[in-house]
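K.L.:
Sequence:
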Amino acid sequence: MTDLNNQVVFWKNSAEKNWKTALSLLELRHYDMCLFCCHLVLEKYLKAIIVKNSKQPAPYIHDLNRLCEIAKLERTAEQKEWLNEITKFNVQARYADIKLAFYKKATNNFTKKFVEITSNLRLWLKKEFLKT
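Heads up: the sequence shown begins at 53 in our numbering, then just goes up one per residue.
Calculated directly from the structure, the hints in this document are not laboratory data.
Accuracy of the hints is not assured; some may be wrong.
[To be verified] Within a straight-line C-alpha distance of at most 30 Å, the following computed DSSO-like cross-link-like pairs (lysine-lysine) qualify:
#1 64 with 183
#2 124 with 156
#3 132 with 104
#4 72 with 132
#5 156 with 72
#6 107 with 183
#7 140 with 183
[Said to hold, decoys possible] With beta-carbon atoms standing in for the labels, derived distance ranges:
#8 107 with 164: 31 to 41 Å
#9 108 with 160: 24 to 34 Å
#10 76 with 156: 15 to 25 Å
Predicted model only: the values in this text are computed from it and were never measured.
Ideal Cβ placement from N, Cα and C applies to all residues, glycine included.
Construct all of the structure, not just a fragment, from the sequences and the given hints.
P.N.:
Shown next as structure tokens:
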């Protein structure tokens with residue numbers, strides 16, 4: 053297995069591990085970190101697709117719509133909107149100056165909504181991964 057093949061496997065397996073973590077964090081009511089992991093799931097699936105298709109290492113970016121563009125994935129307007137919102141979770145959960153506002157925003161209902169959206173996007177990306 054080449055280094056790039058190892059990277060594809062790493063990104064995909066890591067995405068699945070982050071998905072399990074997100075679901076566990078939801079159960080524990082750690083909503084802000086659950087949403088952060090939702091972002092990681094999608095980012096890592098996209099990076100697996102990019103490495104698999106381009107035969108190049110994944111780019112050092114976190115913007116989910118930009119990663120979709122690099123992966124040459126068609127998205128609906130709704131998917132673009134959700135990916136844009138979920139991209140914000142990466143920054144909002146990470147940086148202290150905006151973390152408190154995100155913590156307050158990450159209610160049970162808000163988090164459950166985005167876990168469901170992430171689940172649907174994850175399944176879409178898994179299908180896209182298998183096409184390539």
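K.L.:
Hints numbered earlier in the text: which of these fail when held up against the supplied structure?
P.N.:
2, 9
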